[in-house]
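Chains as they are written, first to last, in the working numbering: chain A, 1109 to 1219; chain B, -6 to 103.
Honestly, the hints are just simulated from the structure, not real lab data. Possibly wrong hints are sitting among the right ones.
Away from chain B, derived, C-beta distances all over 12 Å, residues of chain A [said to hold, decoys possible]: (1) LYS1119; (2) VAL1120; (3) LYS1123; (4) LYS1125; (5) GLU1128; (6) GLN1149; (7) SER1170; (8) GLU1176; (9) THR1178; (10) SER1181; (11) GLN1208; (12) THR1217.
Once the Cα atoms are required to be at most 20 Å apart in a straight line, the calculated SDA-like pairs of lysine to any residue come out as [what the hints assert, rightly or not]: (13) A:LYS1119 - B:ARG34; (14) B:LYS90 - A:SER1166; (15) B:LYS50 - A:SER1166; (16) B:LYS90 - A:PHE1153; (17) B:LYS90 - A:GLY1180; (18) B:LYS90 - A:SER1117; (19) B:LYS50 - A:GLU1207; (20) B:LYS2 - A:GLU1152; (21) A:LYS1165 - B:ALA(-6); (22) A:LYS1165 - B:ARG(-4); (23) B:LYS90 - A:LEU1168; (24) B:LYS8 - A:PHE1173; (25) B:LYS90 - A:THR1138; (26) B:LYS100 - A:ALA1110; (27) B:LYS90 - A:THR1184; (28) B:LYS100 - A:HIS1137; (29) B:LYS90 - A:TYR1206; (30) B:LYS90 - A:SER1174; (31) B:LYS90 - A:PRO1163; (32) B:LYS66 - B:LEU40; (33) B:LYS90 - A:LYS1119; (34) B:LYS90 - A:ALA1162; (35) B:LYS15 - B:THR53; (36) B:LYS90 - A:SER1181; (37) B:LYS2 - A:SER1146; (38) B:LYS90 - A:GLU1207; (39) B:LYS90 - A:HIS1137; (40) B:LYS58 - B:SER19.
Backbone N, C-alpha and C define an ideal beta-carbon position, used for all residues, glycine too.
Each chain is listed here by its residues.
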Amino acid sequence: GAGVSQSPSNKVTEKGKDVELRCDPISGHTALYWYRQSLGQGLEFLIYFQGNSAPDKSGLPSDRFSAERTGGSVSTLTIQRTQQEDSAVYLCASSHAYEQYFGPGTRLTVT
Amino acid sequence: AQRVTQPEKLLSVFKGAPVELKCNYSYSGSPELFWYVQYSRQRLQLLLRHISRESIKGFTADLNKGETSFHLKKPFAQEEDSAMYYCALSTTSGTYKYIFGTGTRLKVLA
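Same shape as in the complex, but just chain B (with noise of 0.2 Å):
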C-alpha cells in the first residue's frame, strides 16, 4: 500500500540546535517526494521537492531510496521555523496526485 509516515507529531528543539523531522514512506515505483510546510495563520505552501535538490530557508532533504526516507534537516534551528511540516508522496508521474503525512509540529524554542 502507499502510505507516507511521520513518526513525531511533536518535535521541540532549542534555537541554534539541529533538527530532522522524519518522513518515510511505502511505494514500490519511483515516487516522487516533497515537502509542504503551514506556518501560524497561513496556507499550506511548498517548501522542498526532492528532484530540486534544492536547499529552502536552510532546509534539505535527501531521498534514501533504500531506507525509503525522505527526512528533512537543518542545522541551526530558527524560531521562524516554527510551523507544522507535511511529507507528502506523488506516485504517478503528470497527476501529482499526494499522498499526505499525518504532519509534524516543529517548535523551537527560544
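This is chain A alone, in the form it adopts within the complex (with noise of 0.2 Å):
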C-alpha cells in the first residue's frame, strides 16, 4: 500500500512569506509526528498527534509554528512569517505501533 505523502517535495520561499507543508499518513495510523532535520541537528522532534487527544505540542520552537490534523487523517503543518533559521527538510511519520513510518520530507528553503 501507499506509504507517508508529503507536498511539496521542495519549497522555496522569501523571508517573512507563511508557507504550509502538506502530510498524508499512512491510512488507519492513529499518530502522527513532525520532525525537523537540519545539518549537524540531527531530526528535532516539532509536535505529536495521537487519535483524537489533544496533540503535544511541546517541540515547537516558536509559536510561528502551528499544525493540525483534521479527520484524524492529513496533517498540516503551517510556518508563519519564515525566517531564514527555518529552513530545513519537515519530515512526517505516522504509526499504530511502535514503528515510526516516515514520508520523503519536504526540503524548505527561505530566502
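The task is to assemble the complex, starting from two chains supplied on their own in separate frames and drawing on the hints.
Below you can see the structure in the form of C-alpha cells.
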C-alpha cells in the first residue's frame, strides 16, 4: 500500500512569507509526528498527534509554527513569517505501534 | 534531562572491518531504544528495536543500562551499509514519542 506522502517535496520561499506543508499518513495510523531535520542537528521533534487527544506541541520552536490534523488523517504544518533559520527538511511520520513510518520530507529553503 | 548522544558525526571504515556506532542516553526510567537508518535518497526507516533482540542486516545492538548505552555493531561492514544512522529513545510507553540523536554518517570504503 501507499506509504506516508508529503507535499510539496521542495519549497523555496522569501523571508517573511507563510508556508504550509502537507502530510498524508498511512491509512489507519492513529499517531502522526512532525520533525525538523537540519544539518548537524539531527531530528528535532516538533509536534505529535494521537487519535483524538490534544496534540503534544512541546517541540514547536516558536509561536510562528502551528499544525493541525483534520479528521484524524491529513496534517498541515504551517510556518508563519518564515525566517532563514527555518530552512530545513521537514519530516512527517505516522504509526500505529512502536515503528514510525516516515515520509520523503519537504525541503524548505527560506531566501 | 532526557537526551540521546551520538558522539560521532562521521565514521569511516573499510569494507570487511568491524563497525560500532555509539549511542548513549540519559533517562531515569526504563527506556525503549531504537536504531533508524536513512540510505541515500531513501526514507528514514526502522533498523532495530532493543526489545526484539534481533540481528538485522548483520547489525546488533545491546542495551547496557549500567553504561546507558545502545551501541550498534556489525562484525564485517559492507559498502551498502553506508548511510545515516540515528539512535532514538522512546520514554513513554504507548506513545512512542521519540528523542533522536544527531545521527552518525557511516561511510564504508572499498
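Comparing the hints with the structure gives:
no., hint, in the structure
1, LYS1119, "holds (18 Å)"
2, VAL1120, "holds (20 Å)"
3, LYS1123, "holds (26 Å)"
4, LYS1125, "holds (28 Å)"
5, GLU1128, "holds (21 Å)"
6, GLN1149, "violated (6 Å)"
7, SER1170, "holds (20 Å)"
8, GLU1176, "holds (18 Å)"
9, THR1178, "holds (21 Å)"
10, SER1181, "holds (19 Å)"
11, GLN1208, "violated (7 Å)"
12, THR1217, "holds (18 Å)"
13, A:LYS1119 - B:ARG34, "holds (18 Å)"
14, B:LYS90 - A:SER1166, "holds (11 Å)"
15, B:LYS50 - A:SER1166, "violated (35 Å)"
16, B:LYS90 - A:PHE1153, "holds (8 Å)"
17, B:LYS90 - A:GLY1180, "holds (18 Å)"
18, B:LYS90 - A:SER1117, "violated (24 Å)"
19, B:LYS50 - A:GLU1207, "holds (17 Å)"
20, B:LYS2 - A:GLU1152, "holds (16 Å)"
21, A:LYS1165 - B:ALA(-6), "holds (18 Å)"
22, A:LYS1165 - B:ARG(-4), "holds (18 Å)"
23, B:LYS90 - A:LEU1168, "holds (14 Å)"
24, B:LYS8 - A:PHE1173, "violated (44 Å)"
25, B:LYS90 - A:THR1138, "holds (13 Å)"
26, B:LYS100 - A:ALA1110, "violated (31 Å)"
27, B:LYS90 - A:THR1184, "holds (19 Å)"
28, B:LYS100 - A:HIS1137, "violated (34 Å)"
29, B:LYS90 - A:TYR1206, "holds (9 Å)"
30, B:LYS90 - A:SER1174, "holds (18 Å)"
31, B:LYS90 - A:PRO1163, "holds (12 Å)"
32, B:LYS66 - B:LEU40, "holds (12 Å)"
33, B:LYS90 - A:LYS1119, "violated (27 Å)"
34, B:LYS90 - A:ALA1162, "holds (14 Å)"
35, B:LYS15 - B:THR53, "holds (12 Å)"
36, B:LYS90 - A:SER1181, "holds (18 Å)"
37, B:LYS2 - A:SER1146, "holds (13 Å)"
38, B:LYS90 - A:GLU1207, "holds (10 Å)"
39, B:LYS90 - A:HIS1137, "holds (14 Å)"
40, B:LYS58 - B:SER19, "holds (10 Å)"
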